[in-house]
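Turn these sequences into a full structure, and let the hints guide you.
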Amino acid sequence: MNLPEFLKSRQEVDSDLFLHPMILAYQSVVLAGYRSLIDLPQTVTLLRQLTLNADAADKPLFDLKSGVGIPMNDPGEREVLNAIADGQMLIYSDISDRCMRLVPVSRTLSRSIESPTTENVVRGAISAFNEELDTNIGLIKQSMPTEKLQMQSYALGRDQRRRIVLLYVKGKIHERLLQSISQKIESLPEKDIPDLQALSDLLGFSKWTIITRYNTTEIPQEAASALAAGKVVLLLDRFPFALTLPILLSDMFVSQSDRNVPALLQLSLLVLRVLGVLLSILLPGLYVALVSVNPEVLRIEIALSIAGSRVDVPYPALVETLLLLLVLELTFESAVRLPKTIGPTITMVGGIILGQAVVQAKLVSNVLIIILAASTIANFAVIGVQNTMSIRIYKYLLLILSSMFGLLGLFVGIVVICAYLGHVNTFGIPYLSRWKAGRRYG
Amino acid sequence: MRKCRLLRMALFPLMFAATMALSGCWDIKDINHRSLPIVMGVKQTGQKYKVLLLIPEVSRSEMNIKIISESGITINAILDEINKSLESKLDLLHLKVIIFERPVAEMGLAQSIESFMRSRDIPNKTFAAISDGTLEPLFDKLGASSQGGGTQLYNFFEKNAGWSPEVVQTRIWEVYRSIDSYTRDVAIPSIKPGRTTTIESTGAAVIKNGRMVGSIDSEESLLYNLFKGIGTQGKIEVMDRATVKIVADRLTLSSTLREDQATINAQLNLKVTVLETVGDPSNVEIKQEIDEQLSSRFDTMLRAAQAKEADILGMGQFFRNKLSREELQHWRSKYYPSMKIKFKVHVIIQDEGQLKIR
Chain A
22 MNLPEFLKSR QEVDSDLFLH PMILAYQSVV LAGYRSLIDL PQTVTLLRQL TLNADAADKP
82 LFDLKSGVGI PMNDPGEREV LNAIADGQML IYSDISDRCM RLVPVSRTLS RSIESPTTEN
142 VVRGAISAFN EELDTNIGLI KQSMPTEKLQ MQSYALGRDQ RRRIVLLYVK GKIHERLLQS
202 ISQKIESLPE KDIPDLQALS DLLGFSKWTI ITRYNTTEIP QEAASALAAG KVVLLLDRFP
262 FALTLPILLS DMFVSQSDRN VPALLQLSLL VLRVLGVLLS ILLPGLYVAL VSVNPEVLRI
322 EIALSIAGSR VDVPYPALVE TLLLLLVLEL TFESAVRLPK TIGPTITMVG GIILGQAVVQ
382 AKLVSNVLII ILAASTIANF AVIGVQNTMS IRIYKYLLLI LSSMFGLLGL FVGIVVICAY
442 LGHVNTFGIP YLSRWKAGRR YG
Chain B
25 MRKCRLLRMA LFPLMFAATM ALSGCWDIKD INHRSLPIVM GVKQTGQKYK VLLLIPEVSR
85 SEMNIKIISE SGITINAILD EINKSLESKL DLLHLKVIIF ERPVAEMGLA QSIESFMRSR
145 DIPNKTFAAI SDGTLEPLFD KLGASSQGGG TQLYNFFEKN AGWSPEVVQT RIWEVYRSID
205 SYTRDVAIPS IKPGRTTTIE STGAAVIKNG RMVGSIDSEE SLLYNLFKGI GTQGKIEVMD
265 RATVKIVADR LTLSSTLRED QATINAQLNL KVTVLETVGD PSNVEIKQEI DEQLSSRFDT
325 MLRAAQAKEA DILGMGQFFR NKLSREELQH WRSKYYPSMK IKFKVHVIIQ DEGQLKIR
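Note that the protein sequences, when read in sequence, are chains A and B.
Note that the first sequence covers residues 22 to 463 in our numbering.
Note that the second sequence covers residues 25 to 382 in our numbering.
Hints listed in this document are in silico derivations from the structure and should not be mistaken for laboratory results.
Heads up, the beta-carbon is just placed ideally off N, CA and C, and yes, glycines get one too.
Among the hints, a few may not be true.
[What the hints assert, rightly or not] Computed list of lysine-lysine pairs in DSS-like fashion (alpha-carbon distance at most 27 Å, straight line):
| hint | chain 1 | residue 1 | chain 2 | residue 2 |
| --- | --- | --- | --- | --- |
| 1 | A | K228 | B | K27 |
| 2 | B | K113 | A | K383 |
| 3 | B | K183 | B | K165 |
[What the hints assert, rightly or not] From the structure, some residues in chain B lie toward chain A, with a derived Cβ separation under 10 Å:
| hint | residue |
| --- | --- |
| 4 | I52 |
| 5 | I92 |
| 6 | M131 |
See below:
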């Protein structure tokens, strides 16, 4: 292959590619690489230093021993393109067909280490992962300085290579879990992984599940504690979260940073979160069940005051609840989309709509507002954003069932949810199991 | 595999549709479309019953009371008639108190109580009460002085609200039990409209087999509650030489049956606080006075009950393991009237007030 001509023709369709002629060690060479990935002036300074050293040691430039780069002997098109797509730089001689690649000074294309954006830590380390895979690995290694931390690296995809790193702690990990995960990843090396759903497809998880089979965390400390507990951590290139496998119900309630407070407070936090989940799931269904199907369960005083608050409300309790829940869900969704500068607006408008106007317009009862506000607040008591989403779904199942069958429906719904949770497992490790490093599962 | 998946996908909408179609959820009435009566009054005029219902009328800002009455042959027929003319559905599941007029109780409660138990519309834990006078003035008083949606009468009997140890609490399942039981009768509290308060307690009616046979006064109701195990804490006993407050009580009972002579040994342990003294009584004198007062009151009550053959204290329960079923049938007529009871009161003066007693 004629390298100079190939790269010239390539430059015509890819204007980011630079071809920079210069004299190095008395030879006329051309540097090639991506402008957007390589800091050229810095790299040239580095290159000059390296060639001077090579010259002083009397080593030819295009030789491995020169220490400048790695020589490539008659490289193919694919090899060349992969090298420059990876952010490496090519040096080739105009006259002879010698060529080599080297790791240049690259541009900084990711943010610095910041505090987490989707999780908050009250007491504990607050640096979070970012998009740089190597930074993320470094962060984990720093939180876990042990030689037992081992990793396997994969590059998946045909057109776009995406790096995936699998970390585990030797001696703590279940060998069978590790084997099944690495087998799954190795089975389809050609598969593109543009998003997490594709990854979960690769790992063989069902598409129609409410519970994702991995827990995501932004905090290196959490990932390290998962590793220490014998779990597997997956890191993806350009993805600022660590995925820990397998997921367990307790991930919803217990976080590593809890360990920084005394045991009694830990326990009360745990109870509070469990209570939060129960309230969030049960309250809307309970309201509908008590108001329309089984009012005899209420105390007479509450029954009368609820009946009073519902006078003139035109819709049945179910429609009323669904109406307000819809507005609430819309508020969440738009709060995510809104720019930070106009974020407070939606809180204000939403507050006015939900708080006062909707009651005065006699569309819903004000008891319902209290119920839904409590349920919404309780929803976010759990750990992890992905967990709050599944809880939001269960609520509707209970709502529908209890609108038809009252309290009986509510309990049947709880049984259905428990049965579903009981069926979920990750590589044979049940979602509801109590995790213990070294225990046998599956 | 493919077929199985298709089947499952078809099954899900089918299940969903079936649940929707078969649930019957369109018959459900919301709470604001139900009338929730709190008090029901039952009186008898000739062969007909008359039922009065106290129904709170709710709106966003205030709560009013309406009193609805109707007469008919049976109580259920009357309720049906009321339901027909109400703008919302009559829901008796929140009924708290049923008041019978005294003549109804004297004629016998069996028919109405059995119909309440059978219909299941009315909770079994509803309180039963007997009105000394006619019902209408009582209901007018309840309606006129109601601020909390007519719950006063309920609060009057409710232990965590206005209940006091001299008031008997009897629920309709207990009345139902006494109708068929060989060994246990029941007392139903009797009330009348108060002069300054809404309701006034006038003791309790003694019910034997669902029929009122006598009455006991408030002081005797306290002993009834004591034997029922409800407790008498907070009750103030006034005697000739001292006034004491009961702070704790414990009653132990044992029974013996020898040659058809039933005997009960009862030991009542009381802890009291001295509130007031007249003159300078000693501890021993106060204790003795309490003992005498309670024992004599108890004897009077028991003798009256024995004369009526109404076992309101449920003493027969202690002989269930000593008599055969055939003999138990005759408990009220054969054994109970001649039953002896040794009632001992043991008093501990827990606190002499802030002052010393010599």
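Check the structure against each numbered hint from earlier and tell me which ones fail, lowest number first. When the structure is compared with the hints, numbers 5, 6 turn out to be violated.
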